[in-house]
Amino acid sequence: MSDVPQRPIRVLLAKLGMDTHTVGVTVIAHALREAGMEVIFTGLKQTPEMVANAAIQEDVDVVGISTLSAGHTRSLPRLAQLLRDKGAGDKLLVAGGVIPEEDKPLLTDAGVQKIFTMGADTREIVSYLQGWWAEKRRAEAAA
Amino acid sequence: MDIAADVLAGKVAAGARAIRWLDDRDPRGLEVLRHIFPHTGKAHVIGITGPPGAGKSTLVDMLIAEQRRRNRKVAVIAVDPSSPFSGGAILGDRVRMNRHALDEGVFVRSMGTRGQAGGLSRATYDAALVFDAMGYDVVIVETVGVGQDEIDIVSLAHSTVIVSVPGLGDEVQAVKAGLLEAGEIFVINKADRDGAEQTQRQLEMMLHLRQTKAWNPPLLMAVASKDQGGAEIVDALDAHLAHLRTSGDFARQSAVRDHHQFVTLVREQVAARLLAGAGALSDDVRARRLDPYSAAKALILHVEVRS
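For the record, the sequence lines run as chains A and B.
Counting in our numbering, the first sequence runs from 4 upward without gaps.
Counting in our numbering, the second sequence runs from -5 upward without gaps.
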């Protein structure tokens, strides 16, 4: 049991912006934990700089942002840029919450790889992350 | 990308990656440790332990601020329990330390216990070595805090701080767990609550029963949520460190820790190798054709005959 190398997926969950709704992000945190992932929650009212720093210190695989207030069209691209600047551009950046359809192309171009619509099934989120992770490990093994 | 060299240069991303490898039991992690080990042995490793609800994370946040005021670089390892069923974990301690999120002199790392009992994860010691080699002056290790049997921290840390809260009745529990004998600094947090004086008197009484050693553990009051008591605690920690250095215990404890680590690594790797070639014996044990004791004896005899 203890000899098998363990590689749980590490996910950072954070809320950018000023909103204080935590139900969504809490539900997701628990779903990810049930799926065997380590979830680092940095809390509310995070700035892109705070999230980027935490992502590096915690060496997470995935950065998941919950945003229910405005400002995501600035803060998410800024976060993506900071991650790239710090050499962490290979971390998966995903977002969920209240994100209007018309903002999605801008965010995708800026480096947000997946946007989960409000009320997305947690199973969908888990399987997306696991699929990404499996593919990444396959690519690493082949290299 | 030379991770070991970058760790010694204090680069955050490299330190974080090295800790990841060690946490994941990736052999690259052990290679890094081999290279950086000669540069360890300077940092003051401080353990913070206590029951859930004691306010450990808030206390750590306060201690970080005080250490930073004294110009020290601080690393924090915050350990939380991993689910024994899914292996996952919610690591939420750093939420309490957000005011240091942009301070370049502070590094916070969250770790799950990943199947280890005793309040720490297997790689906690290794992570502390990485921070030591990176040049952090202080490494604060915050344990899980789910019970009173968290004594792993005592052998890992130079100075262990036992945190209590008024009215939880854990003074008696602490005696049972041996924490009262092993802790070096005692803090009653949330000391503005009812029952604080009574808790203080009870703990003082129990500490008097403790066998006299060279270090007299102080009992301090704090209200971490109001930033009260941090300076006194850091003063006590500094005094304890000075005591360890002058008594020779600092070096002695490090030697004991390192040797324990050596034995643990040998035990794991030898067992893994031996068991890898013991397929037939394993099957016999599973099928109850052979009892575990005879099987183990047969395997060891086989090894001894060969060597």
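Hints are not guaranteed to be accurate.
[As the list claims (entries may be wrong)] Calculated cross-link-like contacts (lysine-lysine; reagent style DSS-like; alpha-carbon spacing at most 25 angstroms):
{"#": "1", "chain 1": "A", "residue 1": "Lys89", "chain 2": "A", "residue 2": "Lys139"}
{"#": "2", "chain 1": "A", "residue 1": "Lys48", "chain 2": "B", "residue 2": "Lys220"}
{"#": "3", "chain 1": "A", "residue 1": "Lys89", "chain 2": "B", "residue 2": "Lys5"}
{"#": "4", "chain 1": "A", "residue 1": "Lys89", "chain 2": "B", "residue 2": "Lys220"}
Worth flagging that the hints you see were computed from the coordinates, not collected in a lab.
Verification of the supplied hints:
no., hint, in the structure
1, A/Lys89 - A/Lys139, "holds, 20 angstroms"
2, A/Lys48 - B/Lys220, "holds, 21 angstroms"
3, A/Lys89 - B/Lys5, "holds, 11 angstroms"
4, A/Lys89 - B/Lys220, "violated, 35 angstroms"
In summary, the structure is inconsistent with hint 4 from the numbered list given earlier, while agreeing with all the others.
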